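> The chain contents come next:
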Amino acid sequence: MPDADTAVARRAIATAALASVEQVPGAAKPDPILIADGVRRQFGGLVAVDVAHVEIQRGAITALIGPNGAGKTTFFNLLTGFDAPDDGQWTFNGKELAGVAPHKVARLGMVRTFQLTKALFRLTVIENMKLGATGQKGETFWRALLPGTWKKQEAEITARSEVLLARFKLDSKRDDFAGSLSGGQRKLLEMARALMVGPEMVMLDEPMAGVNPALTQSLLGHIKDLREQGMTVLFVEHDMDMVRDISDWVIVMGQGRIIAEGPPGDVMRNQAVIDAYLGTHHDQSLIETEESFIDGEPPAPATEEGERS
Amino acid sequence: MRRRVIALLLGVLGLVALTLGAGAAPAQAASGASVAGVLVNDGAPVPNVAITVSATGFTQTVKSGPDGVWKVELPKSGSYKVSLDETTLPPGVVLSDPSKNNLSVLAFGGLPATVQFRFGSGTVATESFLDKFLQLFANGILFGLVIALAGVGLSLIYGTTGLTNFAHGELITLGALTTYFFDVVLEWNFFASVVLSLLCCAVLGYVQDKILWKPLRRRGTGLIAMLVVSIGLGVFLRYVFLFIFGGGTRQFRSFNGQEGIAIGPVDVTAKNLIGAAVAVLLLCITAWWLMKTRLGKASRAVSDNPALASSSGIDVERVINVVWILGATLAAFSGILLAMSQGANWAMGFSILLLVFAGATLGGFGTAFGALVGSLVVGIIIELSTLFIPPELKNVGALVVLIVILLIRPQGILGRRERVG
Amino acid sequence: MDWGFILSQTLTQAIAPIAIVYCLAAIGLNVHFGYTGLLNFGQAAFLAMGAYGLAVSVTRFNLPWWLGIIVGLVLTVILALLLGIPTLRLRADYLAIVTIAAAEIVRLFARSVTFRETLGGSDGINGFSTSFFSSLNPFNRQQPYTFGPIHFANGDVLFMFLIGWALIAIASLVVWLAMRSPWGRVIKGIREDEDAVRSLGKNVYSYKMQALVFGGVLGCLGGFVFALANASVQPDNYASDLTYFAWLIMILGGAARVGGPILGAMIFWGLLTLVVETLKNATASAIIPESILRTDQVGQIQFMLVGLGLMLLMIFRPQGILGDKKELALDARR
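Protein chains in written order, with my numbering: chain A, 1 to 309; chain B, 1 to 421; chain C, 1 to 334.
In short, the hints are calculated from the structure, not lab data.
The calculated DMTMM-like cross-link candidates involving lysine to aspartate or glutamate, where the alpha carbons are at most 25 Å apart (straight line), are:
#	chain 1	residue 1	chain 2	residue 2
1	B	Lys76	C	Asp123
2	B	Lys76	C	Asp296
3	B	Lys214	B	Glu317
4	A	Lys224	A	Asp241
5	B	Lys394	B	Asp131
6	A	Lys173	C	Asp324
7	A	Lys104	C	Asp195
8	A	Lys104	A	Glu200
9	B	Lys394	C	Asp241
10	B	Lys76	C	Asp2
11	A	Lys173	C	Asp195
12	B	Lys394	C	Asp236
13	B	Lys100	C	Asp123
14	C	Lys280	C	Asp241
15	A	Lys104	A	Asp87
16	A	Lys104	A	Asp86
17	A	Lys95	A	Glu200
18	A	Lys137	C	Glu194
19	C	Lys280	B	Glu73
20	A	Lys137	A	Glu154
21	B	Lys71	C	Asp296
Some residues of chain C that are not near chain B, with every Cβ distance over 12 Å (derived):
#	residue
22	Asp2
23	Trp3
24	Ser8
25	Leu11
26	Leu63
27	Pro64
28	Trp66
29	Leu73
30	Asn137
31	Tyr145
32	Leu162
33	Ile170
34	Ser206
35	Ala231
36	Gly259
Keep in mind that this is a model prediction, so the values were computed, not measured. Beta carbons are placed, not taken as given, at the ideal position from N, Cα and C, and that holds for glycine.
Using the sequences and the hints given, assemble the complete structure.
Structure, rendered in structure tokens:
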């Protein structure tokens, strides 16, 4: 694990790179890893996402915030191929991603997590981890029947999984079913599993939702670690303290559009942002920290989509 | 929960025992199984026509009597083939559909299994393509209404509970069989029978939800587990029906063999016309209920988002219960309508269930109006397809269309695309 | 009551070719539903592909029996692809509807008068098994064989019995090997949450297709056994009832357990035979009066029991005999 000095240094580099960026929606970044143009998604008459232009800086932690129903999760789904836009292009590392299947997006190095944790309940924690590894020989049907062809690679993957599990303090749960973990532990597992893919960019959808306060700090630490290891992070979050604490840059969405961008301190004073929050939810505090969950269980799945699977 | 299920079983078994007590009285031959029919052309009996009933190791030929009636006693229960010797038909009388000569019939003890041969007056071959098309189109609309009645209920239940109800076909069958029971066995007035039968099915819908599905929902049983439960329930009920009513296809006492009325080139029977009108009326009432009443609007809200509906003060369980009652009643009428044109038998609901699914899927599962449109389309496709493919394969055409639709527009005609995440 | 006969029948049927057929069908379903979470309600169609592929090749095209087997397998793969392409991208219950529809389509085609020349209509096809048995069967084809309470009507049945159990052993071994490999890990992951697996860079669609083909081929083996053991194929043997029996067997034994379908098939056919033979005996010897139950209605009771069993198992013991309730309680789809 990188020491404190390099951590500070990395943050300083990211901050410095973003210092000269104009604080307007759709601002150009010095070294963007992801560039999206004209991405639109409509549900019936409702325009869920209508992003004219956005760039995400490489090697930085970018937060995507906005009131409920602003289209953050839908935007995530579009970028990662889980939903198809009505219109729009975006590139990741210069590669055109519109219309690319979600598994191919992941293989290109853009890996996401989900708002409602998708731990694979009836698989053990270590199996969950091993599933994340790419390029496994034993994942083709015919080779699967000949254990000799994949045993060696399997051992390497197991070793790599165990290292990550230890780092995320899940090593004691190695052989438990993932479904038996607490909400926060599932979030940790999901993040660790995403790292097994070897991503260049990690997209976290509400990594703190439903996490026991005791685990919050360690989760924050892990997200910062991702930056130290040179990964780009884009995350959706409601908890403004957390956004302020770890992000280098904040993008604000309201009613499907990007309404503001800037460093965390500045953007929260932006009048458009305050209006967006107050305008849609008068009764809701800007900072949603009181929604901590006593038993560590995730909240009832009343998502903004309200879909039924 | 366990007690409720046992109570359900006891209730059903009690019903079986009661009906058996009533139905088993007539003395029977060695096997009790027989097959019979009446040959009627244009209201006149057709005598002296040779009918052959055969199975492996058994063949018997009889001639129809002066009243057109023929009957064959069978050595044992099972599947038999019945064919009519077309050369023995009097001049000018032909089968309206020559491909429907070699018919299969399942014969069990009890009342004879019936086989109907339909005659035309030799004009079949001379019908123009357009006339045929219009006739089939009209038949298609009628059949589409049958499917739609069941499909709307199926779709509403799916929308509000998420349950893909594979036991919906048995509600259709029950509607036809209870009507048969009141109309033929008890010899009550036909219209009273229909109303009573709808009432019975409404009660069954209510009871089914209360003692089976509601407790399962409360236990948090998964949708897939519930789907499998509904399949089990369907198989169980189907064979209870077979046990009680036997394997034959039976006609209602009233309006049997009604003559058609010619409307332009289209030939329809008055009973089908009135049946279709009532079906349309029922569907309109359903639509009005969905759009205008508090409970109906609530049911749409529940379909849209159950969590939100419940948190905004809608009594979701009550809505679901009403939807079950409505769905069962509509399905029952669908069964009665179907039985009026094709006769009632123990597996009729199951045999059209897939078409009901096709209709509901085509329209967008979970949307009541979609189910209506989809069902009409399926009904029309099925009938029109007989212009090009053999009638015995017409259902295949509809199922293939279902698969193709899934390929190009999975959300159905009126459905919405789903969101992930 | 002839308890000796009833018990001997029970034991025989628990391991007889019919149990083998349903066991293989259930092993295939176990791959579909137990491991992958696919709702296949048209397993009967895969068995029909095997049975008809063999029967039609041998009787209508005069091919040797082993080529008939290959034709059956190829047809099974084609059917799985046809079913999978439109449905595997869609919500799980669409697959249920499409598979059940496909199984009906297959049966309607098979029994249709239009294709009677090739497919035999509702009488089916026979006379295709002679070359298979006469070239392979080491036992006396006419003589009955009896081992203690277990009775085989002739050498062909005994031979099919041995071949069938060998097939079950091989199928179970392959399933076991596959499911403990990384391939099986992806498959089980898809059962839990396919979006999660997709987000990890796996081509979920392709894996679901592989599982559909794999389970279909296992079911197709059951179709070969069915056709050869009966020495005939009949369209109505491949009705949806077959699929429901196979589901019951899989859930009874325990889904996602390699031994589940084997245990399930033996117990299912044993119990069913016990009940049916007891009832037949009781009605024949008038212990149960004819006014309550006639001998020809025993078959209907059998189906009622299957429906009821499927319901009650799913409600009260969805994990089956071998399953672990705790593990099932973690089911993410609940």
